[in-house]
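Student: Please put together the full structure from these sequences, using the hints given.
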Amino acid sequence: MSDPETFRVEVRAWLERNCPASLRAPANAAVSSEDTICWGGRGWVFASEDQRLWLERMAARGWTAPEWPRDYGGGGLDRAEARVLREELARIRARSPLASFGLSMLGPALLRYGSEEQKRRFLPPIVRGEIRWCQGYSEPGAGSDLAGLQTRAEDRGDHFLVNGQKIWTSYADQADWIFCLVRTDATAAKQEGISFLLFDMESPGVSTRPITLISGSSPFCETFFHEVRVPKDQLVGELNRGWEIAKYLLTHEREMISALFGVGSAGQATLAEVARDRIGLRAGRLADPGLRHDIARQAIDAEAFAATLERVVDEAKSGLGTGAASSLLKYYGTELNKRRHELLMAIGGAEALGWEGERFDGGALARGWLRSKGNSIEGGTSEIQLNIIAKRILGLPG
Amino acid sequence: MALVWDDDERMLDEAARAFLDANSPPAELRRLRDSRDPEGFSRALWHEMAALGWAGLLVPEPYGGLGFAHTGAGILCEHGGRTLAASPLFATAIVGATLIGHLATDAQKQRLLPALARGELLCALALEERARHDPAAIAMSATPAGDGFRLDGEKHFVLDGHVADLLLVVARRADAASDEDGIEVFALPRATVGLGVERTVMADSRNAATLRCDGVHVAAEARLGLPGQAEAALAHTLDVARICVAAELLGVAAEVFARTVDYLKQRRQFGRVIGEFQALQHRAARLFCDIELTRSAVLRALRAIDAADPRLGALASVAKLQAAETATLAVNEAVQMHGGIGITDDIDIGLFMKRGATLRQLFGDSYFHADRYATLAGY
Ligand SMILES: Cc1cc2nc3c(=O)[nH]c(=O)nc-3n(C[C@H](O)[C@H](O)[C@H](O)COP(=O)(O)OP(=O)(O)OC[C@H]3O[C@@H](n4cnc5c(N)ncnc54)[C@H](O)[C@@H]3O)c2cc1C
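Chains A and B, in that order, are what the protein sequence lines are.
Residues 1 to 398 in my numbering are what the first sequence lists, from first letter to last.
Residues 399 to 777 in my numbering are what the second sequence lists, from first letter to last.
Rather than coming from a laboratory, the hints here were simulated on the basis of the structure.
Here a beta-carbon is modelled for each residue, glycine too, at the ideal position from N, C-alpha and C.
Worth double-checking, as some hints may not be accurate.
What the hints assert, rightly or not - Ranges between beta-carbon positions, derived for each pair:
1) B/E459 - A/E383: 31 to 41 Å
2) A/E10 - B/A449: 48 to 58 Å
3) A/D3 - B/D545: 51 to 61 Å
4) A/T381 - B/E459: 15 to 25 Å
Tutor: Structure below.
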């Protein structure tokens with residue numbers, strides 16, 4: 001391990017040379033729009049040559065997955081170094097080179113539960129953004145009550161045969177592979193007959209149907225499996241022990257979602273900046289006193305939330321983790337982000353309701369607001385997080 | 399600096415918990431209240447606290463203190479909130495020590511701080527003149543007279559005013575160029591002629607007083623520090639004080655919350671414990687989140703004092719507002735979830751509610767801090 005400050009100097013110099021200028025500006029004044037994100041994958045069309053270069057350079061250093069071991073393509077950084085890298089990226093407002101469910105969800109689960117062979121096979125392409133993954137958890141009858149899932153996988157000797165349906169599978173129509181929860185023992189108690197499978201979305205028998213959201217986009221799908229053959233070596237962990245992996249992965253999903261909502265995340269403008277711009281000041285204060293108060297209250301809560309994100313990292317480092325912190329962060333961060341979008345709509349007034357055309361930036365404000373409504377549903381609803389806190393942390397019965 | 403305690407801080411936390419649980423639980427506040435104790439705190443307890451080094455916690459070592467990090471003050475205040483311990487700790491060891499430490503000349507420090515650190519010099523800051531915190535509205539006047547000043551005016555909500563040996567009176571020079579200028583702090587011994595101090599009995603049964611200066615003559619040496627320095631030192635002191643108040647509020651919130659969660663696990667209705675009702679579970683879980691956020695905000699602000707963070711003012715407002723809102727919700731939920739017994743004086747929830755209400759006002763309520771935060775952020 002190098003001294004963090006020496007490392008900072010190196011990182012800063014490297015980023016200066018290697019982060020293309022076009023990927024440093026804030027993506028958007030108020031909301032980061034989906035089309036600035038690089039998801040990677042077999043069929044990925046880069047928005048620009050700079051976007052391609054940025055991914056390639058970061059991936060070559062393993063810095064798309066800074067804390068993963070070098071053996072699997074990661075950066076091999078310790079926590080302190082990873083933090084320095086994050087801070088330096090934030091300092092120049094660099095956009096993330098790669099967003100991916102492989103990085104934020106599957107990777108951590110494979111590192112913990114995957115076989116050596118699986119790690120070597122699946123992790124490096126995730127680091128390089130070559131394979132895009134989707135998450136096959138929810139089903140029409142199994143949302144919050146995820147363990148009630150019905151998609152079946154039958155043991156056929158050298159392979160599993162998968163039949164069933166998933167829903168709300170984000171980007172299933174664009175993903176290359178899926179990590180999928182399936183029932184492998186219908187007679188066991190519901191948490192005990194679940195297994196964790198990986199398979200190619202191009203396998204015969206897989207089909208998807210996009211679902212249109214209130215924001216007008218259709219990032220998620222219904223996903224159907226009809227007699228899909230999955231080789232046995234694509235089972236992660238033990239047969240019928242997938243629920244533990246599923247839950248472990250969910251804690252990473254929650255942390256990923258909540259990390260999106262720290263202060264000054266993703267180069268977004270602050271509410272105050274947007275308000276100053278759109279409403280203006282009178283005698284040094286925002287011209288609307290009620291809105292000014294609400295913006296300050298939101299900003300203060302966001303600062304406390306950012307400090308909490310920081311504290312959770314520091315506590316984990318010194319082995320004092322609060323355990324269910326991911327539920328707290330997920331609940332609070334997503335509710336906070338919904339408040340942020342409500343305020344952006346209030347600041348924007350009628351202009352914020354614009355839906356199409358350049359004047360309205362393609363309706364970015366309204367669409368971002370509508371998208372934020374999903375934050376407190378995806379990855380486990382707010383109510384489910386509160387249930388977890390009440391039972392696991394507070395020890396309330398029932 | 400990491401947002402976790404280091405070993406020294408953890409040791410202080412354990413010591414403070416054990417000491418205050420044993421020597422000053424809420425029953426002690428009841429005793430002081432019910433016996434109408436004229437001083438409102440126990441001198442014996444204070445001497446023990448001083449012996450532990452708490453009076454001089456923030457006093458630099460050369461002046462006889464421990465020179466501990468401000469997180470230490472936060473830890474003591476949090477336990478003070480948890481146990482409702484009445485003592486001169488806040489007014490003397492935090493507010494007094496900070497203001498003297500940042501404003502006084504070296505000669506004044508030599509004279510005041512060692513005694514303060516031994517617990518032998520009790521201080522009180524006389525600042526407020528209005529019902530709501532407004533540090534810019536100082537009408538107490540300091541008129542140059544002879545080789546000193548004449549002080550005229552009235553102060554309210556002077557914590558520990560009636561027991562303090564030294565009153566730190568904030569005044570505005572009558573010859574000041576503008577309303578913003580000319581703030582000075584005068585250190586007046588209790589026995590100063592013309593100085594009137596009267597205890598006020600407050601809802602939280604803790605110490606406060608009003609103070610009157612009717613043509614009080616003070617020598618030039620009574621002014622702390624050099625002319626023109628008081629404003630900045632006072633501003634810094636107020637931020638330190640606000641953060642420590644936030645820590646005490648955190649203690650109040652966490653304690654009533656713990657008591658409430660216990661009650662949810664014991665009280666049975668409809669053939670089950672009330673903690674099984676999801677309506678209550680979710681309210682408790684939300685409160686848990688608020689308390690965790692408050693803990694982060696308070697720790698962040700405490701660390702900012704020691705790091706001389708340029709955003710100290712904003713971070714102090716974040717901490718104070720978060721803590722006040724969280725504690726307000728916590729005490730209200732505590733009463734509601736205890737049902738009828740919650741509004742009786744038989745259990746301690748009401749004591750926490752009343753203390754919370756005082757702390758919420760102290761050095762700026764949530765409206766004050768939201769406004770200040772916005773102003774500091776330029777909007
Ligand atoms: C934007 C977005 C992206 C998503 N991406 C994916 C994906 O990629 N892969 C995937 O598998 N899934 C995905 N999901 C699905 C998501 O995980 C589910 O929507 C979520 O778990 C809730 O399930 P449900 O929609 O069936 O709602 P339900 O479970 O039917 O919930 C309906 C309401 O009832 C409440 N409720 C349910 N149970 C309880 C309880 N015990 N106590 C109190 N209240 C309760 C809920 O909180 C909610 O308010 C995504 C969802 C969204 C919104």
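Student: Hint by hint, note whether the structure agrees.
Tutor: Do the hints match the structure? See the list:
1. B/E459 - A/E383: 31 to 41 Å: violated (53 Å)
2. A/E10 - B/A449: 48 to 58 Å: Since A/E10 and B/A449 have Cβ atoms about 51 Å apart, the given range 48 to 58 Å holds.
3. A/D3 - B/D545: 51 to 61 Å: Because 58 Å falls inside the window, the suggested range holds.
4. A/T381 - B/E459: 15 to 25 Å: violated (54 Å)
The structure is inconsistent with the numbered hints 1, 4, although it conforms to all the rest.
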